[in-house]
Structures are given as structure tokens and as C-alpha cells.
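Enquirer: For reference, the chains in residue letters:
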Amino acid sequence: MKATVLVRPKSGILDPQGAAVETALEHLGFSVAGARVGKVVDLEVDATDPAEARAQVERMCEQLLANPLMESYEIELHG
Amino acid sequence: MASPQPRIGVVMYPGSNDDHDALWALAALDAEAVPVWHEERELPDLDAVVLPGGFSYGDYLRCGAIARFSPATAAVKEFADEGGLVLGICNGFQVLCEAGLLPGVLLQNESLRFICRDVPLTVERDDLPFTTRCTRGQELVIPVKHGDGRWFAPPELVAELEANGQVVLRYAEPCNGSVDDIAGVCNERGNVMGLMPHPEHAVDPLLGSADGALILASLVEAARDRAISLA
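From first to last, the protein sequence lines are chains Z and A.
Numbering-wise, the working numbering comes out as the position in the first sequence, counting from 1, plus 17.
Numbering-wise, the working numbering comes out as the position in the second sequence, counting from 1, plus 43.
Among these hints, one or two may not hold up.
Stated by the list, open to error - Here are the simulated EDC-like cross-link-like pairs (lysine to aspartate or glutamate), alpha carbons at most 20 Å apart as the crow flies:
(1) Lys-188/A to Asp-161/A
(2) Lys-27/Z to Glu-85/A
(3) Lys-56/Z to Asp-161/A
(4) Lys-56/Z to Asp-191/A
(5) Lys-27/Z to Asp-161/A
(6) Lys-27/Z to Asp-247/A
(7) Lys-120/A to Glu-83/A
(8) Lys-27/Z to Glu-61/Z
(9) Lys-27/Z to Glu-43/Z
(10) Lys-120/A to Asp-161/A
(11) Lys-56/Z to Glu-93/Z
(12) Lys-188/A to Glu-231/A
(13) Lys-56/Z to Asp-247/A
Claimed, not checked - Covered, in the sense of this in silico footprint (three residues per stretch, anywhere, with C-beta under 8 Å from a C-beta of chain Z), are these stretches of chain A:
(14) 168 to 178
(15) 226 to 240
Claimed, not checked - Some chain A residues near chain Z, calculated using beta-carbon distances under 8 Å:
(16) Phe-195
(17) Ala-196
(18) Pro-197
(19) Gly-220
Keep in mind the hints are simulated off the structure, nothing from the lab.
All values derive from a computational prediction rather than experimental measurement.
In this text, a Cβ means the ideal position worked out from N, Cα and C, and glycines have one as well.
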């Protein structure tokens, strides 16, 4: 089963990369606010049951993919 | 009888680049500096361990996140759990945070710039194995060189660390956006410390400052005491 993990800087944590992207977008003439930069991890899990796949990916996030002090994560499963 | 030369290991990860500087500085301060390859599952007989600066495993995912899984890191964790002295410098600090041996995490500098310059630091603790040669309130000048040195922890954890006296060094002027200008912390037990500045680059006045030697010589001395007590 394929999964996508979105890792984001937690709200309240200063994200200078997001601020730099926001400024660059403004230079291009876009009116934007609140830009934040995170990470995407695509992977294939050795599981066919969605609940089992999600449980596995959650453990991956807790143990490696995200650092809970500064990042939150979201898991998407694809058939 | 001459006092024994303490044996201090320096872990070499793929991507470490201050390992030789640390080995050189420790030897200059009269320790027997022992390189430890990252694949070692067991540490040799050591009185202290240093995790050096650099970019272990390319700093992939997050700084220090992959080095946490190296066999040598597991051995260092065991060594620390038994009360062994462990000092993490720069990337070594990041590894110790990711491995859960030290509190907090190091984030990208507020300025997004790589900072490479001498910085003034204030000593907050002078009673640790890493700081006995320093005096509380003393200002040290030691270089930093990092892109991800902004120490962060949530407010409740920061308050706990401040109350426990786990903040060891602070930047005397804003440097990278660290919470409370924190430059170095220790664990609750006081046998593990991490700092972003590089004491191994400041052990000789010819290099601009010898203040780093105060930290490393404290470690060498503490390691020597340990060697004597275990002998």
C-alpha cells in the first residue's frame, strides 16, 4: 500500500524558510500570508489492510520521520 | 607516579569533519585521543567520548536523525546510561538531541544563513565535568560554524531545564535565534553535554582564542579522575 507523509513545522515554531518563500512570492507580485515549508515522504508499506498500514506509518513518524518537538505529521494512504 | 593519561574516544561518522580537530585538541591537552569508527558496536575502554562536528550521514532528513541509528551511537548511549562522560559538539550535539540523550532540538538558523565566526558565550555552570576550569559568569570566545544551530524546546521544557540548571552556556549576544540564547545544555545527571560552538577550534591563542581549551581541559581532567577512580 502506498502512503504519503506530510511533515510540517508545528504552529508557533518560527519557520524562516517559510518566511523567505513568502517574501519571494511577494516579489513576484502575489499577495500571500502564512507560508510554511515542510516535507513530503512518499513510501510503500508492506501491508494491504489500511488500518495496519496506517499504524505502521504512524510508528515510522514517531520514531523517525518527524521530530515531535518541532514537527507535526499527516498520513495519507493511497489504495 | 605520573597521573594516567585518560582515554577519550571521538566517534567518526560518515560525514563527520571535525573528528581530527577534536582528536588533535584532546591530544594537545594531554589525553590519549582514540578514534572510534561508527560501525563499532562496542566502545573500546574509554574514560569519555566526544561526538564531533560535521554533517553525519549528510544531515539527511534532519541533522543528527540518521546518526542516531549508527551502532556506535547505541554504544555511546549505553556508556552515558552508565554515567560515562559524553560531549557533543555541533553536529554531535544534534545527534545527542535526536538520540534523546539531551533535551531540545536544533533548527535552521533564524537568518537562514550559515554562521561562521567567533562568538562570545557566558558560562552558566562551572561545576560540571565539562566546565570545572571555567567560572560562572565568565565570558568565553569560541567559534561557531553552523546552518542549523537554533536550539529549541517548548516553553514548559525550557522552564524545567532552567529550573534544573541544565543550561550550561548562553550566547552573550544573539547568534542564531536560539530560545533564551541557549548555546549548550546538559542532561539532568550532568554527565552528557552538547554545545554548538567548537571548543576544539579554540585551543591555541594562534587560532584567535584558547577559551575552548577550558572546556576540553575540564573534560580531560574529569576523565582522568574517572580513570584513577576506576583503576
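Enquirer: Report the numbers of all earlier hints that the structure fails to satisfy, in ascending order.
Expert: 2, 3, 5, 6, 8, 9, 10, 12, 13, 14 and 15
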